[in-house]
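Trainee: Those sequence lines, one after another, are chains A and B. Count along the first sequence from 1, then add 523; that gives the number in my numbering. Count along the second sequence from 1, then add 46; that gives the number in my numbering.
Worth flagging that the hints you see were computed from the coordinates, not collected in a lab. Check each hint, because a few of them may be wrong.
Claimed, not checked - Derived DSSO-like pairs (lysine-lysine); straight-line CA-CA distance at most 30 Å:
{"id": "1", "chain 1": "B", "residue 1": "Lys274", "chain 2": "B", "residue 2": "Lys49"}
{"id": "2", "chain 1": "B", "residue 1": "Lys49", "chain 2": "A", "residue 2": "Lys711"}
{"id": "3", "chain 1": "A", "residue 1": "Lys716", "chain 2": "B", "residue 2": "Lys69"}
{"id": "4", "chain 1": "B", "residue 1": "Lys95", "chain 2": "B", "residue 2": "Lys69"}
{"id": "5", "chain 1": "B", "residue 1": "Lys274", "chain 2": "B", "residue 2": "Lys95"}
{"id": "6", "chain 1": "A", "residue 1": "Lys716", "chain 2": "A", "residue 2": "Lys571"}
{"id": "7", "chain 1": "A", "residue 1": "Lys716", "chain 2": "A", "residue 2": "Lys529"}
{"id": "8", "chain 1": "A", "residue 1": "Lys529", "chain 2": "A", "residue 2": "Lys585"}
{"id": "9", "chain 1": "A", "residue 1": "Lys585", "chain 2": "B", "residue 2": "Lys49"}
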Amino acid sequence: MRTILKIRNLAKQFRLHLQGGVRIPVFDDLHLELAEGEALAVTGPSGKGKSSLLKIIYGTYKAGQGEILVRHDDSWVDLARAEPRQVLEARRRTIGYVTQFLRVIPRVPTLDIVSEPLLERGIAPELARERAALLLERLNIPERLWSLSPMTFSGGEQQRVNIARGFAAHYPILLLDEPTASLDQENKARVLKMIDEARDQGSAIIGIFHDASDRRAVCTREFDLSRAA
Amino acid sequence: MTKPLLIAENISKYYDGRVACEKVNFELWPGEVLAIVGESGSGKTTLLKCLSMQIAPNAGRALYSLRDGRTESLSDLSEAERRFLMRTDWGFVHQDPREGLRMGVSAGANVGERLMAVGERHYGRIRSTALDWLNRVEIAGDRIDESPRNYSGGMRQRLQIARNLVTAPRLVFMDEPTGGLDVSVQARLLDLLRGLVRTLGLSVVIVTHDLAVARLLSTRILVMQQGKVIETGLTDQVLEDPQAPYTQLLVSSVLQV
Numbered sequence: 524m525r526t527i528l529k530i531r532n533l534a535k536q537f538r539l540h541l542q543g544g545v546r547i548p549v550f551d552d553l554h555l556e557l558a559e560g561e562a563l564a565v566t567g568p569s570g571k572g573k574s575s576l577l578k579i580i581y582g583t584y585k586a587g588q589g590e591i592l593v594r595h596d597d598s599w600v601d602l603a604r605a606e607p608r609q610v611l612e613a614r615r616r617t618i619g620y621v622t623q624f625l626r627v628i629p630r631v632p633t634l635d636i637v638s639e640p641l642l643e644r645g646i647a648p649e650l651a652r653e654r655a656a657l658l659l660e661r662l663n664i665p666e667r668l669w670s671l672s673p674m675t676f677s678g679g680e681q682q683r684v685n686i687a688r689g690f691a692a693h694y695p696i697l698l699l700d701e702p703t704a705s706l707d708q709e710n711k712a713r714v715l716k717m718i719d720e721a722r723d724q725g726s727a728i729i730g731i732f733h734d735a736s737d738r739r740a741v742c743t744r745e746f747d748l749s750r751a752a
Numbered sequence: 047m048t049k050p051l052l053i054a055e056n057i058s059k060y061y062d063g064r065v066a067c068e069k070v071n072f073e074l075w076p077g078e079v080l081a082i083v084g085e086s087g088s089g090k091t092t093l094l095k096c097l098s099m100q101i102a103p104n105a106g107r108a109l110y111s112l113r114d115g116r117t118e119s120l121s122d123l124s125e126a127e128r129r130f131l132m133r134t135d136w137g138f139v140h141q142d143p144r145e146g147l148r149m150g151v152s153a154g155a156n157v158g159e160r161l162m163a164v165g166e167r168h169y170g171r172i173r174s175t176a177l178d179w180l181n182r183v184e185i186a187g188d189r190i191d192e193s194p195r196n197y198s199g200g201m202r203q204r205l206q207i208a209r210n211l212v213t214a215p216r217l218v219f220m221d222e223p224t225g226g227l228d229v230s231v232q233a234r235l236l237d238l239l240r241g242l243v244r245t246l247g248l249s250v251v252i253v254t255h256d257l258a259v260a261r262l263l264s265t266r267i268l269v270m271q272q273g274k275v276i277e278t279g280l281t282d283q284v285l286e287d288p289q290a291p292y293t294q295l296l297v298s299s300v301l302q303v
């Protein structure tokens with residue numbers, strides 16, 4: 524399987540200007556490679572920067588130093604230095620990210636939230652909605668809720684809407700931040716199965732899983748941040 | 047298209063020797079939504095006016111990629127080209143809809159007027175296009191003959207948007223488009239704008255002091271303080287990992303509900 528992500532010499536610290544300019548180091552000299560079809564579990568105690576690592580790869584946090592090389596359309600792009608529009612382009616087709624919490628947009632129906640990544644790739648609205656409906660069904664979101672904004676949904680329902688959105692389109696790289704955190708056993712099993720299927724289709728996964736048995740169920744490799752950097 | 051739609055090069059504007067905005071540089075690519083954020087007096091609106099030819103900068107220039115593929119400095123355009131931009135290829139959504147609408151004529155005429163400016167003369171077609179646009183901005187068709195004076199603030203703002211978008215502009219400038227509206231009305235307008243921007247593939251420069259508006263609508267942010275651009279980047283990156291002290295202050299000052 525081809526390598527799809529190469530992180531080299533990554534360093535990150537936060538500087539809090541409002542608190543006397545205090546510096547909070549997160550990583551120093553982090554290296555990581557990932558191939559298609561791999562599922563990597565990022566582990567380490569709370570506060571070691573597991574979520575930060577995902578956010579840096581996605582471009583939500585700025586890399587301090589180092590390179591984040593991503594294979595995008597068969598050429599390597601360094602996301603640490605790319606222009607915003609190149610990062611957006613990589614997000615549209617190469618890197619998907621299921622955040623820990625759904626960012627709810629007022630008034631937008633659930634079905635539209637889930638179809639959005641497909642529409643952004645130019646897929647016809649009817650097809651996008653069909654695919655979104657399939658995912659929502661699979662994740663046990665009752666059809667009567669599809670036309671509502673998920674704003675008033677329970678935590679578990681919002682998380683499943685978020686997962687449906689993240690899995691609507693195929694991404695060569697998929698970042699998952701605690702995708703199983705607030706789910707019951709049945710829904711958890713479904714999500715783990717979806718992760719497996721994405722891997723079978725060649726996606727490379729980087730995930731944070733609180734639960735060790737979830738981790739063992741889907742991951743091929745672990746990356747311990749407390750030892751990595 | 048593989049080149050920027052709008053390029054700002056060292057744009058500076060001074061009022062009586064006081065800096066309003068200074069040495070602003072950026073590129074806006076097709077389909078991008080750029081939010082200019084900062085507190086009142088930071089030069090956001092002055093910059094927007096310089097970019098949209100409402101005022102002339104003291105130094106620097108703005109370049110625009112015309113429909114025929116040429117990229118020209120706005121100050122070098124012929125009068126006909128300027129008129130084409132102002133009436134057709136650009137839209138301008140003001141904070142106060144009364145500035146962007148003609149309050150003395152009907153809603154339908156407000157939308158139809160921009161169409162007539164591009165040469166449409168057929169009354170039936172103008173009316174049906176106007177109706178279609180009122181529908182798209184969620185204004186009931188039976189209110190087409192009313193004056194916008196009868197409309198609520200939110201409806202006026204949606205009418206202003208319809209009036210601007212009817213000519214299929216490539217670039218839309220917005221100055222605090224949700225500024226004067228109730229929060230519930232704001233959410234509806236933001237959702238509507240988001241949908242229109244995506245389906246029409248619009249490029250937008252939007253001035254706002256509301257970071258939530260920037261988050262919902264924009265792909266990139268430019269932070270201004272005292273007339274200067276102090277930080278730029280992807281919207282989520284600037285809001286979640288702000289680098290400059292002032293941006294950190296702005297982001298941390300947002301009230302949580």
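Trainee: Each hint needs a verdict: does it hold in this structure or not?
Mentor: Each hint tested on the structure:
1. Lys274/B / Lys49/B: holds, 25 Å
2. Lys49/B / Lys711/A: Violated - the C-alpha atoms of Lys711/A and Lys49/B are around 46 Å apart, more than 30 Å.
3. Lys716/A / Lys69/B: violated, 54 Å
4. Lys95/B / Lys69/B: Measuring from Cα to Cα gives roughly 15 Å; hence the hint holds.
5. Lys274/B / Lys95/B: This hinted pair holds, its Cα atoms lying about 15 Å apart.
6. Lys716/A / Lys571/A: holds, 28 Å
7. Lys716/A / Lys529/A: holds, 26 Å
8. Lys529/A / Lys585/A: Cα-Cα ~16 Å, so holds.
9. Lys585/A / Lys49/B: holds, 25 Å
The structure is inconsistent with the numbered hints 2, 3, although it conforms to all the rest.
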